[in-house]
Amino acid sequence: MIRLVLPQHLRTLAQVQGEIALEVAEPVSIRSVLDALESRYPVLRGTIRDHVTLERRPFLRFFACEEDLSHQPPDTPLPEPVASGKEPLLIIGAIAGG
Amino acid sequence: MSKVRVLVGTHKGAFILSSDGKRKNWEVSGPFFAGWEIYHMKGSPAAPNRIFASQTSGWFGQIIQRSDDGGKTWSTPGGEKTPTPGPEPPAPSNKFAYDTSAETGAPLTTHQWYDGTQHPWEFKRVWHIEPSLTDPEVVYAGIEDAALFRSDNGGQSWHELAGLRGHGTGPHWQPGAGGMCLHTVILDPSDPDRIYIAISAAGAFRTDDGGKTWKPINKGLHSQYIPDPNAEVGHCVHHIAMSPRKPGVLFMQKHWDVMRSDDAGDTWREVSGNLPTDFGFAIDVHAHEPETLYVVPIKSDSEHFPVDGKLRVYRSRSGGNEWEELSKGLPEKDCYVNVLRDAMAVDTLDDCGIYFGTTGGQVYGSADSGDTWMPIARDLPAVFSVEVQTLA
Numbered sequence: 001m002i003r004l005v006l007p008q009h010l011r012t013l014a015q016v017q018g019e020i021a022l023e024v025a026e027p028v029s030i031r032s033v034l035d036a037l038e039s040r041y042p043v044l045r046g047t048i049r050d051h052v053t054l055e056r057r058p059f060l061r062f063f064a065c066e067e068d069l070s071h072q073p074p075d076t077p078l079p080e081p082v083a084s085g086k087e088p089l090l091i092i093g094a095i096a097g098g
Numbered sequence: 099m100s101k102v103r104v105l106v107g108t109h110k111g112a113f114i115l116s117s118d119g120k121r122k123n124w125e126v127s128g129p130f131f132a133g134w135e136i137y138h139m140k141g142s143p144a145a146p147n148r149i150f151a152s153q154t155s156g157w158f159g160q161i162i163q164r165s166d167d168g169g170k171t172w173s174t175p176g177g178e179k180t181p182t183p184g185p186e187p188p189a190p191s192n193k194f195a196y197d198t199s200a201e202t203g204a205p206l207t208t209h210q211w212y213d214g215t216q217h218p219w220e221f222k223r224v225w226h227i228e229p230s231l232t233d234p235e236v237v238y239a240g241i242e243d244a245a246l247f248r249s250d251n252g253g254q255s256w257h258e259l260a261g262l263r264g265h266g267t268g269p270h271w272q273p274g275a276g277g278m279c280l281h282t283v284i285l286d287p288s289d290p291d292r293i294y295i296a297i298s299a300a301g302a303f304r305t306d307d308g309g310k311t312w313k314p315i316n317k318g319l320h321s322q323y324i325p326d327p328n329a330e331v332g333h334c335v336h337h338i339a340m341s342p343r344k345p346g347v348l349f350m351q352k353h354w355d356v357m358r359s360d361d362a363g364d365t366w367r368e369v370s371g372n373l374p375t376d377f378g379f380a381i382d383v384h385a386h387e388p389e390t391l392y393v394v395p396i397k398s399d400s401e402h403f404p405v406d407g408k409l410r411v412y413r414s415r416s417g418g419n420e421w422e423e424l425s426k427g428l429p430e431k432d433c434y435v436n437v438l439r440d441a442m443a444v445d446t447l448d449d450c451g452i453y454f455g456t457t458g459g460q461v462y463g464s465a466d467s468g469d470t471w472m473p474i475a476r477d478l479p480a481v482f483s484v485e486v487q488t489l490a
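Line by line, the protein sequences are chains A and B.
Okay, so the first sequence: first residue is 1 according to the numbering used here, each after it adds one.
Okay, so the second sequence: first residue is 99 according to the numbering used here, each after it adds one.
Source of the hints: derived by calculation from the structure; they are not laboratory data.
For clarity, every value in this text was computed on a predicted model and none was experimentally measured.
Just to be clear, a hint being listed does not mean it is correct.
Straight-line alpha carbon distances no greater than 20 Å define the calculated DMTMM-like cross-link-like pairs of lysine to aspartate or glutamate that follow [to be verified]:
no.: 1; chain 1: B; residue 1: Lys222; chain 2: B; residue 2: Glu201
no.: 2; chain 1: B; residue 1: Lys120; chain 2: B; residue 2: Asp466
no.: 3; chain 1: B; residue 1: Lys193; chain 2: A; residue 2: Glu38
no.: 4; chain 1: B; residue 1: Lys193; chain 2: A; residue 2: Asp50
no.: 5; chain 1: B; residue 1: Lys193; chain 2: A; residue 2: Glu23
no.: 6; chain 1: B; residue 1: Lys397; chain 2: B; residue 2: Glu423
no.: 7; chain 1: B; residue 1: Lys179; chain 2: A; residue 2: Glu66
no.: 8; chain 1: B; residue 1: Lys179; chain 2: A; residue 2: Glu38
no.: 9; chain 1: B; residue 1: Lys313; chain 2: B; residue 2: Asp361
no.: 10; chain 1: B; residue 1: Lys426; chain 2: B; residue 2: Glu401
no.: 11; chain 1: B; residue 1: Lys170; chain 2: B; residue 2: Glu135
no.: 12; chain 1: B; residue 1: Lys193; chain 2: A; residue 2: Glu19
no.: 13; chain 1: B; residue 1: Lys222; chain 2: A; residue 2: Asp50
no.: 14; chain 1: B; residue 1: Lys101; chain 2: B; residue 2: Glu125
no.: 15; chain 1: B; residue 1: Lys179; chain 2: A; residue 2: Glu23
no.: 16; chain 1: B; residue 1: Lys179; chain 2: A; residue 2: Glu67
no.: 17; chain 1: B; residue 1: Lys408; chain 2: B; residue 2: Glu389
no.: 18; chain 1: B; residue 1: Lys222; chain 2: A; residue 2: Glu55
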């Protein structure tokens, strides 16, 4: 089971609290996690990655195990602690604006 | 007894202001979608408890919300949580993909950018939602970068009416300071195939065949920054209003100039008359008097606030040219707010109510056609849009 942490606004939108647990088929990657997330919570489609290009939205970042994974190709396998559920994958909104 | 519901979209959420027909005491509910920009909310004339909202964010993109109980509860059409993950989720209510298909679409060309170069079209947000006058399942959305979309299933999925973007002048359209937005959609109650739209800064367009083909309707508009006096497009139209009692008579607040058309936009003439400044954004028409219109003059395009710090609505009872200042109940000094293009609306009670919201977070209302005003909400976030529903 993959553990996922969303920004507050997306938790509100998806009507979830705290972490989300997702069943994700191997190999676990950013793409497969987001596919599973959007499949379970269709309201989140388009909010993390663009509907058409599937590019990550510019003000969001992916972190896990104290690493910024935002710029790696989306099919890159996630670190083992994320794939095994020991560590969560964090989706974080940029702290910007006023 | 009649009731009035004022739908307010703001920089940080949506609010609903409710009153009985006297319109003296107001109840505020909200914020809905707290922290998100709500560009527009509008109720369905065919099913008034159905309300659509455009919820948007620079971080998370576009969401379409819908209420079927007058704003008490909301959902994203087709976005409900699925019991188990599946390969094909329901139709995405927030997907606005330009139609580039050979059958119904138009090639995704480029439009003019601020520096004069060409720039690709990119979806950014929904500026305006216009529900059908007769069918609660049909709703239109005006988006940035400018295009018109339609949903036939209550907002669950959207398709572009690509004839507008593809009719040929697209490469000459350019963004205004707020982006290249399609901000005005007017449905003609006398002709279901006729729709008017306006784009900043391309101009006004009309379809007479339900959105398949479009023509620019900008003859008579003159813009200082366009050298060609007969330019077909490029005009910075801020807003258009039309009385359902007199379809085909249109009133426009252009960047500068208040304009009028008596032939469904084919030609325009200026009716700014004695306004203290003819720059502004909002314009609307009295519900029962199709020659009575309202504007909020703003000092200039470089100073977006009222002249001399006095917030004023101007009313013409003669279809333009002769204007009277309406000030009773409005700030007399030190007022430096703006009133945005979609932030004025009218109710349809016998004594017509007029409402407008400011970037300072006030919503003002008049229950006597503009003679006197009172703040019906004072301290909201900056107001983007105001719509009114008159309920039996």
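We went through each hint and held it up to the structure:
Our distance criterion of 20 Å between C-alpha atoms is broken by lysine 222/B and glutamate 201/B, whose separation comes to about 25 Å. Between lysine 120/B and aspartate 466/B, the direct Cα distance comes to roughly 10 Å. Compliance with the 20 Å bound is thereby established for this hinted pair. Note on lysine 193/B and glutamate 38/A: the hinted pairing holds, with a Cα-Cα distance of about 13 Å set against a maximum of 20 Å. Straight-line distance between C-alpha atoms of lysine 193/B and aspartate 50/A comes to about 9 Å, which keeps the hinted pair within the 20 Å bound.
At most 20 Å may separate the alpha-carbon atoms for a hinted pair to count; lysine 193/B and glutamate 23/A exceed this at roughly 25 Å. Restraint check: the Cα-Cα separation between lysine 397/B and glutamate 423/B comes to about 15 Å, which is no more than 20 Å; the hinted pair holds. Distance restraint check for lysine 179/B and glutamate 66/A: the Cα-Cα separation of roughly 30 Å exceeds the 20 Å cut-off, and the hinted pair is therefore not satisfied. Of the pairs offered as hints, the one joining lysine 179/B and glutamate 38/A holds, with about 9 Å between alpha carbons and a cut-off of 20 Å not exceeded.
The suggested pairing of lysine 313/B with aspartate 361/B holds, with an alpha-carbon distance near 14 Å, which does not exceed 20 Å. Taken as a hint, the lysine 426/B and glutamate 401/B pair is broken in the structure, with Cα atoms around 24 Å apart against an allowance of 20 Å. Straight-line distance between C-alpha atoms of lysine 170/B and glutamate 135/B comes to about 19 Å, which keeps the hinted pair within the 20 Å bound. Taking the CA atoms of lysine 193/B and glutamate 19/A, the gap is near 26 Å; set against the 20 Å cutoff, the hint is violated.
For a cut-off of 20 Å, the pair hint linking lysine 222/B to aspartate 50/A stands: about 11 Å separates their Cα positions. A threshold of 20 Å between alpha carbons decides the hint, and for lysine 101/B with glutamate 125/B the separation of about 12 Å falls inside it, so the pair holds. Taking the CA atoms of lysine 179/B and glutamate 23/A, the gap is about 15 Å. The hint holds against a cut of 20 Å. Of the pairs offered as hints, the one joining lysine 179/B and glutamate 67/A is violated, with about 30 Å between alpha carbons and a cut-off of 20 Å exceeded.
At roughly 26 Å between alpha-carbon atoms, lysine 408/B and glutamate 389/B are farther apart than 20 Å, so this suggested pair is violated. With a CA separation close to 14 Å, the supplied pair lysine 222/B and glutamate 55/A stays within the 20 Å bound.
The structure fails to meet hints 1, 5, 7, 10, 12, 16 and 17 from the earlier list, while all remaining hints are met.
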